[in-house]
Every structure is written in structure tokens, then in C-alpha cells.
Amino acid sequence: SQQGEEDPQALSIQEGENATMNCSYKTSINNLQWYRQNSGRGLVHLILIRSNEREKHSGRLRVTLDTSKKSSSLLITASRAADTASYFCATDAMEYGNKLVFGAGTILRVKS
Amino acid sequence: DVKVTQSSRYLVKRTGEKVFLECVQDMDHENMFWYRQDPGLGLRLIYFSYDVKMKEKGDIPEGYSVSREKKERFSLILESASTNQTSMYLCASSFYLRETQYFGPGTRLLVL
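Same order as they appear, the protein sequences are chains L and A.
Letter by letter, the first sequence follows residues -6 to 105 in this note's numbering.
Letter by letter, the second sequence follows residues 364 to 475 in this note's numbering.
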């Protein structure tokens, strides 16, 4: 089952530009999370946004959630080469039981 | 600072061998998870545990078993390794079951 799907699959931008990644999901959720994974490493939690929240910020990261469209976006402003990584959204939904469901991820490459 | 460690970064095993992957967390988390990650498939949940000696199957439990004898330690066991179990294995822990997960660095397993 693919509850969360990221778009685009891959994104390549210049340093200093903004990067936007999207996540769509199929069923009602309590929260949506974004994670980052540097090549060959474990995932690092970035932001959790709850279903009653519309927008959340953390440093250069901005996450929006539109529950009517069942979608979320992650915006990284003023990107840096160090932002090069894969980004995953993860959703929880009662019908998937007590677990998070991760999408396949967006690969972001920031060129310096 | 939160820490999840995995016993090996890289592992090479032969088909038919019994393989143990160990994960330790120092955050006193109730919940621990084992995922495998394959290109294009994202993270897939193998098993999780919500308490000592308690476990629940994830999406792909076949060919795997787990053990949680102590709260801080969660082991993944491949009873008889097969080539299709070559993958990246990620361990995670969390305080609440469907909220922020903290990941270990991963174990890249190659089964020959």
C-alpha cells in the first residue's frame, strides 16, 4: 500500500534556490511527518504537522498541510549543498494500524 | 541527545546462514521498529515492538523474526538468509507509536 507518495521523484537545483517537494496521501490522518536521509545513512526527523495545523516552520523549512486535498508540501528556502539528500513523508492513519507509512521519497540534489 | 545504534554498518553473509541484527536505543522508548529499504520502494516495516516481549508483524514479516528481551534492545533475525534479503535495514524507536521516530545509521546486508 502506498499511503504517502512524494513528487517529484528527483529534483536538481542550484545553491540558493528554493526546493519544494510534495506528498499526497489517500486516507485521513492524525499527523504527517517529513524526514531527511543523507546517502547511506538513517533517517532524521524534520517536522511533524498535525491534521488541525495548516503550516509549520523550522528554520529554513516550511511545511504545509491541506487535508481537503490530502497533500502536504515541504519547502526548503535558500538551499545549500548540504541539503542534498532524500526526503520522505510519513503518514499515520487508523486503517493502517499502529504504524507510520513512508513514501518512496524525493531525491534532492543541490548544486554548488 | 537521542541515540539509536545498530550493531553493524555493513554485513556480508552466505545463503542459508542465520543472521542477527541488533539495535539499541538509549531514550527509554517503548516502541521499536525494523524496516528494510530498497531502491524505489521506500521503507517497509518488517516488525515492531511496543513493549518488552511484545511484537507485531509489519508489512513484510516473512523470513524474519524479532526478539525484545530488554526495553533498550530490539533484534532482527533472519532465520535462513536468502539473496532477496539483501537490503538496507533500518532500526528506529519512538516514544509514541505513530509519532516521531529516531533512526539508527542502518545496516547494509549483502547475502551471497
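There could be a bad hint or two in this list.
What follows is a set of in silico ranges between Cβ atoms, one per label pair, in the way DEER data are often shown [claimed, not checked]: (1) L:R73 / A:S443: 38 to 48 Å; (2) A:G379 / L:S5: 17 to 27 Å; (3) L:K62 / A:E380: 40 to 50 Å; (4) A:I423 / L:S21: 42 to 52 Å; (5) L:M87 / A:P424: 18 to 28 Å; (6) L:S44 / A:L475: 27 to 37 Å; (7) L:S21 / A:D364: 29 to 39 Å; (8) L:S105 / A:K420: 16 to 26 Å; (9) L:T57 / A:E462: 34 to 44 Å; (10) A:E435 / L:Q7: 41 to 51 Å.
Computed cross-link-like contacts, DSSO-like style, restricted to lysine-lysine with a CA-CA straight-line distance of at most 30 Å [unchecked claim]: (11) A:K434 / A:K381; (12) L:K92 / A:K418; (13) A:K416 / L:K92.
These aren't lab readings, by the way, just hints derived from the structure by calculation.
Glycine is no exception: its CB is placed at the ideal position from the N, C-alpha and C atoms.
Hint-by-hint comparison with the structure:
Our hint of 38 to 48 Å for R73 of chain L and S443 of chain A holds, since their Cβ atoms are close to 45 Å apart. Checked against the given bound of 17 to 27 Å, the beta carbons of G379 of chain A and S5 of chain L, roughly 43 Å apart, lie outside it. Checked against the hint of 40 to 50 Å, the C-beta distance between K62 of chain L and E380 of chain A comes to roughly 48 Å, which is consistent with it. In this structure, I423 of chain A and S21 of chain L break the distance hint of 42 to 52 Å, their C-beta atoms being roughly 25 Å apart.
Restraint check, M87 of chain L to P424 of chain A: a C-beta distance of roughly 21 Å satisfies the suggested window 18 to 28 Å. Checked against the hint of 27 to 37 Å, the pair S44 of chain L and L475 of chain A fails, with Cβ atoms roughly 46 Å apart. Distance hint check for S21 of chain L and D364 of chain A: the Cβ-Cβ separation is about 34 Å, which falls inside the suggested range of 29 to 39 Å. With their beta carbons about 45 Å apart, S105 of chain L and K420 of chain A fall outside the hinted range of 16 to 26 Å.
The supplied range of 34 to 44 Å is broken by T57 of chain L and E462 of chain A, whose beta-carbon atoms lie about 19 Å from each other. A beta carbon spacing of about 44 Å between E435 of chain A and Q7 of chain L agrees with the range 41 to 51 Å that was offered as a hint. The straight-line distance between the Cα atoms of K434 of chain A and K381 of chain A is roughly 23 Å, inside the 30 Å bound, and the hint therefore holds. For the hint linking K92 of chain L to K418 of chain A, the alpha-carbon distance of about 13 Å falls within 30 Å, and the restraint holds.
The straight-line distance between the Cα atoms of K416 of chain A and K92 of chain L is roughly 18 Å, inside the 30 Å bound, and the hint therefore holds.
Hints 2, 4, 6, 8 and 9, counting from the list given before, are not met by this structure.
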